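Top to bottom, those sequences are chains A and F. Positions 1 to 351 (our numbering) are the ones given, in order, by the first sequence. Positions 1 to 271 (our numbering) are the ones given, in order, by the second sequence.
Treat the hints with care, since some could be wrong.
[Said to hold, decoys possible] Covered by chain F, according to a simulated footprint, are these stretches of chain A (three or more residues, beta-carbon under 8 Å):
# : stretch
1 : 4 to 15
2 : 246 to 259
3 : 316 to 322
[What the hints assert, rightly or not] Okay, derived cross-link-like pairs now, PhoX-like style, lysine-lysine, Cα gap no bigger than 20 Å in a straight line:
# : chain 1 : residue 1 : chain 2 : residue 2
4 : F       : 45        : F       : 68
5 : F       : 68        : F       : 107
6 : F       : 45        : A       : 19
7 : F       : 45        : F       : 155
8 : F       : 45        : F       : 55
9 : A       : 12        : F       : 107
[As the list claims (entries may be wrong)] To give a feel for the contact side, a few chain F residues facing chain A, derived at Cβ under 7 Å:
#  : residue
10 : 18
11 : 51
12 : 81
13 : 98
14 : 112
15 : 113
16 : 115
17 : 117
18 : 128
19 : 130
Bear in mind the hints are in silico, worked out from the structure with no lab data behind them. Small disclaimer: the values here were computed from a predicted structure and weren't measured. Note that the Cβ used here is the ideal one computed from N, Cα and C, for glycine as well.
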Amino acid sequence: MATTHIINEAIKAQRDHEKRRWVVIGGVLFVLVLSFILDIATGPSMLRVGEVTNALLSRIGVPIEVSRTTDVIVTNLRLPIALMALIVGGSLGVGGAEMQTLLNNPMASPYTLGMAAAAGFGAALMLYLGGLGLNAQLAVPIGAFVCCMISASLLFGLAMLRHITSGQLILAGIALLFLFQSLLSLVQFVSSPELSQQILFWLFGSLTKANWTNVAITCVVTVICVAVLLRDSWKLTALRLGEERAKSLGVNVARLRLKTLIIVAIMTATATSFVGIIGFIGIVAPNIARMLVGEDQRFFLPLSFLIGAFLLSSASVLSKTIVPGALFPIGIVTAIIGVPFFFWLIINKRR
Amino acid sequence: MLEVSNLSLAFGDLVLADDMSFRLNTGQTHVIIGPNGTGKSSLLKTLFGDIRPQKGSIQFSGEVFNVKNVTQWRRQFGYMPQDIRLDVGLSVLEVVLLGQLNALSLKLGDSLLEEALFALEQIGLVSLANQDVRTLSGGQCQMVLFAQALMRKPKILMLDEPVSALDLHFQQVMLNHLDQQTKANGWVSLMILHDLNLAAQYADNLLVLKGGRLVAQGAPADILTPQLIKDVYGVNVDIEFDGGGVPFVRTHRFSGQAGIHSNTSQIKAVS
């Protein structure tokens with residue numbers, strides 16, 4: 001009888017623990033909605049939060065009167081950008097979370113493994129080659145996507161080898177980062193100053209290229225990828241116990257590693273090809289999520305998404321408001337927020 | 001019955017198994033002893049299908065292991081590797097639950113939680129259930145991983161130095177529970193131990209490994225002799241028997257030569 005009591009208590013404690021995690025997720029979702037609305041409200045013509053909310057509500061069918069101008073600004077101009085911020089931020093957060101899980105290292109992300117640098121090189125190369133006959137709007141994302149996948153394939157090849165450790169994979173990724181950065185510099189070096197300027201602007205990362213078409217593509221890719229990852233959430237949790245132990249629990253580690261790498265590469269390539277290079281969210285978001293809910297992937301994965309989305313969305317607000325009237329490249333803003341956090345993380349780890 | 005026939009395993013020049021054959025009965029606790037670096041852990045990994053041997057076959061109740069059935073093969077095993085570090089943001093209960101990986105879904109049912117808690121309760125750890133594993137001591141981690149291995153509901157349970165970090169109390173709790181469950185459920189339990197007296201107390205069948213050969217196998221009381229220990233470890237011991245006929249290995253302060261026990265020439269192999 002006493003035993004049953006203890007067991008029931010422990011089950012209740014576990015359920016409470018899960019409830020607390022839901023509360024955290026709810027809280028982050030709330031601030032995310034706020035920053036999303038602020039993101040739509042800020043810009044060359046500032047809208048009131050109430051107006052934006054009404055316009056959004058009327059969009060989803062609530063019968064509210066909204067002025068024609070507000071509706072056009074919200075729906076046609078700002079909504080795609082604000083949605084892109086959420087989706088790209090989220091997919092970078094999830095990409096980082098799974099890279100960190102896979103490689104058992106809190107400093108891993110698609111960015112540090114050279115995938116973003118490869119995308120940058122692909123975009124630069126396309127600009128340099130003049131789009132190979134395609135129009136630049138189409139050619140640049142395609143170049144970025146293809147190069148990102150090529151760089152990731154090199155990692156896949158390594159990951160498929162038997163008995164390769166996560167440490168070796170990270171080293172290989174960092175080597176790729178240097179390789180693609182050098183190639184990128186090479187393209188810039190041989191380009192004309194005007195072209196070099198264009199390349200640089202792409203590398204900064206910018207959400208302004210968002211339109212309904214690329215938002216829809218990114219959204220579909222992200223939803224599918226996240227759903228597939230969620231199905232493997234327990235296996236991914238087991239992987240964090242160490243590769244040998246994951247094997248002992250029946251996980252096919254080589255296959256899980258390859259599958260997850262491919263999914264993350266597709267997500268990263270898609271996001272990066274439309275918005276350029278956005279640093280640090282892949283590292284920062286999962287680390288915050290881990291501190292808040294631990295590493296049960298059923299909570300860690302969605303929360304990494306929400307925090308990534310929140311970070312990019314609020315960075316988007318900042319990029320428009322730091323200097324009123326001017327738009328700072330969002331890639332710069334995220335790195336400036338990211339670096340102090342990175343330092344705090346390192347110092348905190350040592351304690 | 002787990003049956004190993006003509007197993008040969010080598011890493012380069014290092015021979016870990018040389019035409020080794022043995023049978024492990026169900027419902028018994030089998031203990032491997034032998035010097036460091038003699039291939040005990042590699043043998044467990046080979047049985048688990050993680051290392052491919054150069055030669056030989058492994059079969060369990062009629063099923064022969066091959067590369068194609070590795071997933072299904074491993075499903076029969078509870079395997080607790082040597083490494084006991086747990087550096088992950090999960091609770092004890094969650095780590096134990098992972099033992100039933102294939103049964104877990106996005107929504108956790110009460111019955112699985114109860115099962116995991118029952119496993120913890122049986123080895124006296126239920127009070128730690130909701131604690132973060134990063135706050136545990138090495139010995140507590142080892143017990144948690146033991147509970148995880150039990151949660152697998154194995155037919156074959158392999159433990160690689162399962163008591164290396166445990167205090168006297170938990171050594172007895174773990175090995176006693178293992179012995180009971182092995183007999184009650186008809187498991188094949190196979191573990192590596194370094195403490196010869198624990199091995200003598202808990203082994204139904206003792207396997208003595210050295211230089212890639214099985215130099216002795218049988219009930220501890222039948223095979224443990226001062227000469228065997230001398231041959232295998234290069235250490236002089238006395239062997240006494242307690243009232244129940246269990247051998248007790250009494251060591252003396254070391255007066256031999258470091259390195260002498262790597263001499264394998266006098267060891268006669270049993271096959």
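- Item | chain A contact restraint for residue 128 of chain F - C-beta distance below 7 Å | Constraint on residue 128 of chain F not satisfied, violated at 9 Å.
- Query: For the pair supplied as a hint, residue 68 of chain F and residue 107 of chain F, is the alpha-carbon distance within the 20 Å limit?
  - Reply: 32 Å, violated
- Hinted pair residue 45 of chain F and residue 55 of chain F, Cα distance within 20 Å: Within the cut-off at roughly 15 Å; holds.
- Can the hint on residue 130 of chain F be confirmed by a CB-to-CB distance to chain A that is less than 7 Å? 4 Å, holds
- Per the CB criterion, is residue 51 of chain F less than 7 Å away from chain A? Hint violated; residue 51 of chain F Cβ to chain A Cβ min 10 Å, cut 7 Å.
- Regarding the hint that residue 115 of chain F lies at the interface with chain A, is the smallest CB-CB distance below 7 Å? 10 Å, violated
- Report holds or violated for the interface hint on residue 113 of chain F, using the least CB-CB distance to chain A and a cut-off of 7 Å. Holds - the Cβ of residue 113 of chain F comes within 7 Å of chain A, reaching about 5 Å at its closest.
- For the stretch 4 to 15 of chain A, do at least 3 residues have a Cβ located nearer than 8 Å to some Cβ of chain F? That given contact holds, which follows from 6 residues of the stretch 4 to 15 of chain A lying within Cβ reach (below 8 Å) of chain F.
- Message: Given a cut of 7 Å on the nearest C-beta pair, is the interface hint for residue 98 of chain F held or broken against chain A?
- Response: 5 Å, holds
- Query: Given the hint that residue 45 of chain F pairs with residue 19 of chain A, does the C-alpha gap stay at or below 20 Å?
  - Reply: 40 Å, violated
- Is residue 12 of chain A close enough to residue 107 of chain F, meaning Cα to Cα at most 20 Å? Distance ~15 Å between residue 12 of chain A and residue 107 of chain F Cα, so the pair holds.
- Item | Pairwise hint evaluation, residue 68 of chain F against residue 45 of chain F, where the allowed Cα distance is 20 Å at most | 17 Å, holds
Checked against the numbered hints given earlier, the structure breaks hints 3, 5, 6, 10, 11, 14, 16, 18 and satisfies all the rest.
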